[in-house]
Structure formats: C-alpha cells, structure tokens
Amino acid sequence: MQSSAKYLTRKGWYQTAIIAIIGGTYILGSWILNFDNLSGLMAVPRAFGWLGINFQPTAKSVEYLPKIWQKLMQTVLLAISSTVVAAIISIFVALIGSKVTGINGFVQLIVRGIASFFRNIPLVAWSMILLFSFKQSDFTGFLALLLMSIGFLIRAFMEIIEDEASETMLALKATGASYFQVIFQAVLPQILPSVLSWILYMIENNVRDATLVGILTGTGIGFIFDLYYKSFRFDAAGMTVLSIIIVVIGLELISNQIRKVIL
Amino acid sequence: MLEVKNLDKSYQKDHPALTNISFSVKPGTFVAIIGPSGAGKTTILRSLNQLIKDDNGEILLDGSNIRSANKAQLRKYRRQIGMVFQNYNLIERLTVIENVLHGRLGYKSTLAGVFGRYTQAEKEEAMSLLKKVGLEDFALQRCSELSGGQKQRVGIARSLIQHPKVILCDEPIASLDPASAQTVMQLLKDLTEEYNLICVANLHQINMAKKYADQIIGIRKGQLVFDEAADLLSEDILRTLYDQDITKELE
Amino acid sequence: MIDSEDRVIKKPQLPSSPNIKLHETSLSRVMILLVFVSLLLITGFTLTHLDTANVQLNAAVKELTSTLHQMFLQPSTGSDGLGELLQGLGMSLLISIMTTIIGAVFGFFFAVLASKNLTNVYLGTIIRVVMAVVRAIPTIIWALIFSIVCGLGSTAAILGLSFHSVAYLTKAYSESIEGIDKSTIESLEVTGSKFWVIVFQAIWPTIMASFVSWTFIRLEINFANAIAVGAAAGAGGIGYQLFVASGMSFDFHEVGFIVYLIILVTFLLEFIAVKIRHFYLDR
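Taken in order, these protein sequences are the chains called P, E and H.
What the first sequence shows, in the UniProt record's numbering, is residues 1 to 263, in sequence order.
What the second sequence shows, in the UniProt record's numbering, is residues 1 to 251, in sequence order.
What the third sequence shows, in the UniProt record's numbering, is residues 1 to 283, in sequence order.
Hints were generated in silico from the structure; no laboratory data involved.
This structure is a prediction, so every number in the text was calculated from the model and none was measured.
Check before you lean on any hint, since a few could be wrong.
Unchecked claim - Lysine-lysine pairs mimicking PhoX-like chemistry, simulated, CA-CA at most 20 Å apart:
{"no.": "1", "chain 1": "H", "residue 1": "K116", "chain 2": "P", "residue 2": "K260"}
{"no.": "2", "chain 1": "E", "residue 1": "K189", "chain 2": "E", "residue 2": "K26"}
{"no.": "3", "chain 1": "H", "residue 1": "K116", "chain 2": "P", "residue 2": "K135"}
{"no.": "4", "chain 1": "P", "residue 1": "K230", "chain 2": "P", "residue 2": "K60"}
{"no.": "5", "chain 1": "H", "residue 1": "K21", "chain 2": "E", "residue 2": "K132"}
{"no.": "6", "chain 1": "E", "residue 1": "K53", "chain 2": "P", "residue 2": "K99"}
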C-alpha cells in the first residue's frame, strides 16, 4: 500500500512539474516576444469583425472572379504536377533506400540523408534560391514544390514499404522469385493504395504551400492575393480566400471519397 | 531426403541460437518441431530455405548442399521448398488465384514474372489446387475478404504450385480457431502423403503435434533434445523440454 | 462478406474453362487506375504548358549550382552577424513553441467536443466544419490578416500560426479519440462519473502517446511555418533575415548559414521528438 501511495504521489508531482514547465515556457515566451495575451485574445474578434466588413464581396468583386479562378486553377495544376513528378522519383528512391527492399546499408544511409536534407531546407529558402536562377515563373514554383515534396514522399514511401510489405515480400522470396518479380508482384500491389493516399494528401498540402511560394516568387494564387491585399482591394482579397477555401475543401472531400473506395 | 548436419547459428556473439542441430527426414513424412518460445524453432525452419543465413553446418536436399549455393542456385532450391506462414503473408489486395500463382514466379523469366503473365496450364493447375484445398469458388475473391483458415489454405495452395519437395510451415495454426486449425492440419497431413512431401511444421500445440505428425523434433535452448517417431513422445520428455509439468495438454 | 460468397457460388468457375480470369473488374481497381491515369494526364498537360519565363535552362542550372556552392560550401554570418541570427532563430523557435502550446490546449478541448463517440452529433459537426474551413486557409494568409489588425510583428505571427495549429490538432486528436475502444469509456460511465472526469481519467491517459506524437509533429510544422511567416509577412524571426539575405541583399553565403542553423534546429526537434515518443511508448 505504501509503495502504491508513493507512486501516485510521485505521478502527481511529475504531472504538476510538466504543467509548470510548459506554463513557465509559455509565460517566459510571451514576455520575451512581447506578446500581450489579453490584447492578443481581443484581437481575434476584432480581426473577424474587420474581415466581416472589409472582405465582404461587393458587386465589383465578382468581376475579379475569372482572374482569381484562372490563377487558382493554375496553382492546383502546379500542385498536382509537382506532386506526381515527386512521387515518381520518390518511389524509385524509396525502393532502393528502404530497409526491406533496399540495396545495402550504405545506400540506405545516403537515401535517408538526402530525404532529410530536402525536407528540412525551408520552403522559403528553396523558393528564393530558385527565384534567383529561374526568375519569376511558374517553373520556379514547380521546382520549389517538387524539391520539398520529394523530401517528404521519400520518407513516407519508405515507411509504407517497411510497414506493409516486409511480410509478403518474405513469402515471395521463399518461393524463389527474383528481386524485380518480388517488387512488381508483391511490394507494389501491396503499397499502391497507401501510396495513392499519400499522393492525394501531398496535393492538398501543396495547394496550401503554393500560396506561400506564390507570394515569394510572384506566381499563382499567392501572387494575386498579395497583389490585392497590398493594394487594399480587400473585397477581391476576400474573394480569393473564399475561392481557396472552396477548392481546398473540395479537394479534401474528393480525396476522402477516393480513399474510401481504394483502401 | 532432407538432412541437416551440425547446424550452428548465433545472432549475438556468445549467445548461440542453435548449437549442433542434426536430423534427417524421409519423403512422405510430416515432422513437427516443438519447444518453448525462443528455443530456436523459427531459426531452424528459416535456415532450411536460407531466409536466415546460418553460421555453420550442412543442409542437404536429396544430397546437394543448399548452404553452399550461390544466388541463382539458391533460387532454384527455394522453388523446391514451399513455405507457409503464421500470418499467411498473402497480398491481401490481390485475388485468391493471383496469390496462388505467385508460387510459380520462381520458374518464370524476370520479365514474365514482373508483368504477371501466366500460362493457361499454370492457371488450370491453380484452379485444380484451389479445388483441392476447397476454395475453388473463391478464386476471384480478394484475399482480404477471407477468414483466417481460408487464407491459410490459399497459402498452402501457393506452396503446392511450386511443385515442392519440402513444405515449411512456420506456426501454421497459431492464428486460427480450433476448427480451422484441425482442417489445416488434416490438409497438410493428407497432402504430405499424396505428394510424398517432406512437411516440416513449427507447432506450439503438443496435442496437435502428437495427433498429426509422424516424427517429432524437440528443441530446447537451441539444442536438439528429442528426435523420434511421434508416439514415443512421453511426459518425461515434455517435462525436460518445457521445464514444467504440462502433461494436462496431452489429454 | 457472406453475401458475396453466395454470389460467387452461384456462378462457379469451371477449371477447364478456356480462359481463366485472374481478377474481376472491381471498383477499387478501376478507381486506382482512373486516379493514376488522370493525375498523369494532368501532369503531362501542365508540364507542356508551363510558363518558364524564357529562362535558358543551361544557364539557370549553372547559376543554381554556383548559388548552392556559395550557400553550402562557403557559409558565413554575413551582415547580420552571429548574435543577430541566433536571436532571430530563438525568436522563431519561441513562436513555434508557443503556438504549439496554444494549439495543443485548445485543440484538445475542441477535439473532445468534436469526437463522434463523446458528444452530440450537431456540436461535433459544427466544430468539424469550422475547423475544416480554418485549415483550408493557408497559414500565411492568417498571418497577413492579423498583421493588419495587430500590426506587423510577433503578435500577428503567433495569432496567425495558432489558428492553423488549433484546427490541425483538433482533427488529429479527435481521430485518436475516436479510435479508443468503447469499453474504456463505458467502464467509467457505469461508475456514474461526470463527463470531464471521464475525459481526464480514461481518455487522456489512453491517447497520451498519440497526443504527444501529434503535438511534436505540429511543433516541427510550426517551426517551418514560423520561418515562412517571417519571410512572407515580415513578422520577424529568422525567416525575415532569410528573406532579406536571399531576396534583397543576395548574400547567399548568409543564406547558407541560416539554412544550416535551421536544419540544426529541425534535427534537434526531431531527435527530442523521437526520444519523448519512446519514453511514452515504453511506459
């Protein structure tokens, strides 16, 4: 009884300590960053009030619609194509780099290093470097999204292969099948639905990220939002945000339906 | 004839998983390997088709040594050795017949295998094997829709289409309910006789081993402590094998 | 699956039929094929119609190589100096930590209220729809909106990032909660416990591991977002310095140094996340 009472007391202290550390970090952070929590909280309703007044679509903002939708579609196409190209590259790299199907320990290490490198360089850095060499064009946006997606998809695909394909792969290896037969007959059919699911997720994510890339590189929907916003055409900016919401949620719903059927 | 001579294996230095294992099995024999968890049953089974590389010893299938085979030769040996897994290891998304046909991959050229091209004869054989294991009506069903016992029978059909001399069964009934377990064990026993196979199965259930196996091999802490006909397995031996009284299981 | 078994039994496959099919056309196969083909077609169309601003590919790649060379092989602290950069880095890190804390606290409460196995359907649906809308708006747009109301600076960045964090974590947590076995909740329900007692005594301990793991994933995302917001909305932190160095003063040596700093921090975050996840999984 003594020890269990002690255990509960210690657990209580432990939880209190964690809460204190997290709370302390928060308060210290607010102080260092000069973040006034109360006025921050007050700013939220004010921001929505401001949004409600300024982002209201007017008769004029409808005129912006064709332009907005053209840019938005361009952005969606860019997000899709960068994801697909990234997926094609990533699946090959993941196959030679995963613990299950990989060539050898050295290659696996290199692949992991490359994936982590691409993933951890901030999107801002990619956009700016590429902008410097490839100028203000869709191609720059495409490349920035591509490089970022490759980093994420290699890791995701390797995890899928290691989680889902190791057992079935063993079974085919035991029948005397060759490496490529095992890959095409066991590994790929097994992981296809999960891979597709990740591709869909990456497309959704890239549409959102494309906004950031667009603001930095002057392309797509990000550019047009930045333009309207900085020139105080808030009704058009509001229209842009509304369009983004519709498209992103639309994509999410379509993806969920596709997932339901394939998984 | 499958002969194992002086097999050794250790995963870590000075912690041998197997020491000096030797036994032999004649065609048409159903062998059960029993022993406590972690005794090395799976290691033995998987070194028989070299999914695990052992350290020392010889494994002879009809006189030729599997252990010294190169990559291409090993593939040829492996297709003579079917394998059945505890978790079935089927490709759940593919159909029953596609999974059975996977057993033919070892005989195909890489390209034909990659694209999954099978001959009419192979397809017909797959259908007749499915009939044999009682699943001919499920050929076009996805494996994910089958019950555990049915999946295991697909696994058995997949190993039979390899035209094997040996079938290795790694805990074939550990994930099955008692009724399906009986069906699968009876099927394995019948097939062993019909095709004059060597069937080696890891088993946890001693009563099953006694009921269906011809020969029983007992492993304890990586060492072979028993290798006799099934009816010679006594309570004394079980006690040494498992370090405890589990005679109740025999009844 | 019993009904589909019946269906198959009614039309048995004859073993001697001249053409043995290997699979039937199922919805799932068709869907996968359809999605892949349409994705490839879209990609092909986009790539052939891409606006490249007439950039000479050779020259551009050459330039990129030299930029990368300056960045990664000759990094330097540039005009800002080490102290300034570290201060910016600390600021971005603090912003990401604070917004993750805000996201975790609010996210958990909203998740409890949104989970299908806990609350009434209407409240849950309303929360889920609102969160889906909040998530659909990119973080950078949230930050830009708040920067008008609060002025440029860390307050706008914190509020902007928090919105997306709360919405993201609400979804993640509520999926974990919905995965809980019903018996866990029932066992406390039968003792007559109050709703929030059940939440903190049964649900919280059960989802602890996935809670911690999602929170750390979000911390990594927030760090990346803090940099992005700093760059694109001028909200301060290392992101702004990165933007100035790469887009205004074109000092790629400094860009390289900043990127190295950021990579170092993300590795550190990943390392801590792995350690803490192991700690919680082992318990």
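Original post:
Has the given pair, H:K116 with P:K135, been kept, meaning a C-alpha gap of at most 20 Å?
Top reply: violated (49 Å)
Subject >> Restraint status (C-alpha distance of E:K53 to P:K99 at most 20 Å) >> reply: Holds: E:K53 and P:K99 sit about 17 Å apart, inside 20 Å.
**OP:** Would you check the hint for H:K116 and P:K260, treating anything up to 20 Å between C-alpha atoms as holding?
**Re:** It holds: about 18 Å lies between the C-alpha atoms, which stays within 20 Å.
**OP:** For the pair we were handed, H:K21 and E:K132, check the Cα-Cα distance against 20 Å.
**Re:** holds (19 Å)
Subject >> Given hint P:K60 paired with P:K230 - CA-CA distance at most 20 Å >> reply: holds (18 Å)
Original post:
Within a Cα-Cα threshold of 20 Å, do E:K189 and E:K26 meet the stated pairing?
Top reply: holds (14 Å)
Hint 3 from the earlier list is the only one contradicted by this structure; the remaining hints agree with it.
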